[in-house]
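Each chain is listed here by its residues.
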Amino acid sequence: MFEAKVTIGLKKGISDPEGTNTLKALKLLGFDNVVEAKTTRTIDLLIDSKNESDVKKSVEQMCQRLLTNPVVHTYEIKVVKK
Amino acid sequence: MKSVKKSDVKIAVLRIEGTNCEQESLDAFKRLGANPEFVHLKQLLHLDCTKNEKRDIFNYQCIMIPGGFSAGDYIRAGAIFAARIKSKLGKDLEEFVKQEYPVLGVCNGFQVLTELGLLPGIKEIMTSVPDACLYINDSNRYECRPTFLKHENNIKCIFTRKIPKDDILLIPSAHAEGKLLFTLDKQEEYLKKLEENDQIVFRYINKNGEYTGYPWNPNGSISNLAGICNYIGNVFGMMPHPERSFYRHQHPNWVQNGLDNNIGDGIAIFESALDYICKRF
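Which chain is which? The protein sequence lines are H and U, in order. Residue numbering for the first sequence follows my numbering, beginning at 1 and increasing consecutively. Residue numbering for the second sequence follows my numbering, beginning at 1 and increasing consecutively.
Because the hints were derived from the structure by calculation, they are not lab data. Glycine is no exception: its CB is placed at the ideal position from the N, C-alpha and C atoms. A couple of the hints might just be wrong.
What the hints assert, rightly or not - Pair ranges (Cβ atoms, derived):
hint, chain 1, residue 1, chain 2, residue 2, range
1, U, Gly213, H, Glu36, 21 to 27 Å
2, H, Lys27, U, Gly209, 37 to 43 Å
3, U, Val129, H, Thr20, 23 to 29 Å
4, H, Val35, U, Tyr247, 19 to 25 Å
5, U, Glu124, H, Leu46, 43 to 49 Å
6, H, Thr39, U, Arg280, 30 to 36 Å
7, U, Cys144, H, Thr39, 21 to 27 Å
8, U, Val4, H, Ala25, 52 to 58 Å
9, H, Ala25, U, Asp166, 32 to 38 Å
10, U, Asn208, H, Pro70, 34 to 40 Å
11, H, Asn51, U, Trp216, 53 to 59 Å
12, U, Thr212, H, Ala25, 26 to 32 Å
With the rest of the complex left out, here is chain H (with noise of 0.2 Å):
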């Protein structure tokens, strides 16, 4: 069994409102030495197979087919053996 963490990220130049908003809110609560707020989103999958590079190579196609869209994503891939 493998866990593989999918962090996906936006792409460079691509605008994050809710990273912009995130430093607003939290100006506003006198965090003022917060310089930049990112969203990232994780997803967490548990994945029942023997081969770690088997598991790389269909969470690299999951996030081709669907978890992401590659017009303004990144993603980066973690599995650890559980």
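Knowing the structure of chain H, use the given hints to seat chain U on it.
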């Protein structure tokens, strides 16, 4: 030349959990004398349904994906609906488009068509990964109000052939993810191709007919794009809701401008599709 009677034109208004504009969409086609029906995606995928409930995509001459929040907008707006369609129906849908049957996506339906890779459809009918994205509005808010649209298509889009070029329509928008984007380093190239192929259908404008930013462009969409079609002209997606301006009395300014036979700005989109189907099939 063969032709189909309007009352024989079968339209599938597709739904899954979370679609919520299917009634108005169905009504729009029905009021014009066509034969639309609600079709749950499972009926096309032949999952969890009885023999009588099973349907085939080729039973219909038009597919409409209505607005809403399909599958709760999880992952991304329209992504799950698109993935479910692609799972078993991708090839059939591609063939449906290839045979030049019309496919309409409004709001969430436009997001689904984009996630499916059917739009922008510049060279291919369907790309394996999305070629565009309907991204979060610049305002980071759900924008809900009437929007002015300029019709910019020459003849390509079969859904707007009854609308004169440069006509200005008032059609309501209601979405949180409507900012049309292409891969950043290819934006200009894509825009140029869309122009060349006559794939640009609607752009947001202000009340004076000028291209301006927010709030007239509610989402920050590139080049004020509100609606585009594929290179064949039979797949069309738009963020504003034509089914919500079917009658003139649904327009916010009908008291000042009069009812004018109660014909709303959105009606021509449904009429154009029916007219095309009746003549073509």
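Results of checking the hints against the structure:
Restraint check, glycine 213(U) to glutamate 36(H): a C-beta distance of roughly 24 Å satisfies the suggested window 21 to 27 Å. Distance hint check: the CB atoms of lysine 27(H) and glycine 209(U) are about 39 Å apart, consistent with the given range 37 to 43 Å. Range check, valine 129(U) to threonine 20(H): about 27 Å between beta-carbon atoms, so the 23 to 29 Å window is met. For the pair valine 35(H) and tyrosine 247(U), the supplied restraint of 19 to 25 Å is violated, since their beta-carbon distance comes to about 52 Å.
Separation of glutamate 124(U) from leucine 46(H) is about 35 Å and departs from the stated range, judged on CB atoms against 43 to 49 Å. A hinted range of 30 to 36 Å for the beta carbons of threonine 39(H) and arginine 280(U) is inconsistent with their spacing of about 46 Å. The hinted range of 21 to 27 Å is satisfied by cysteine 144(U) and threonine 39(H), whose Cβ atoms lie roughly 23 Å apart. Taking the beta carbon of each, valine 4(U) and alanine 25(H) are about 56 Å apart, inside 52 to 58 Å as hinted.
Look at alanine 25(H) against aspartate 166(U): about 43 Å separates their beta carbons, and that is not inside 32 to 38 Å. Checked against the hint of 34 to 40 Å, the pair asparagine 208(U) and proline 70(H) passes, with Cβ atoms roughly 38 Å apart. Here the CB-CB span from asparagine 51(H) to tryptophan 216(U) is close to 54 Å, well matched to the stated 53 to 59 Å. Range check, threonine 212(U) to alanine 25(H): about 28 Å between beta-carbon atoms, so the 26 to 32 Å window is met.
Against the hints set out earlier in the document, violations occur for numbers 4, 5, 6 and 9.
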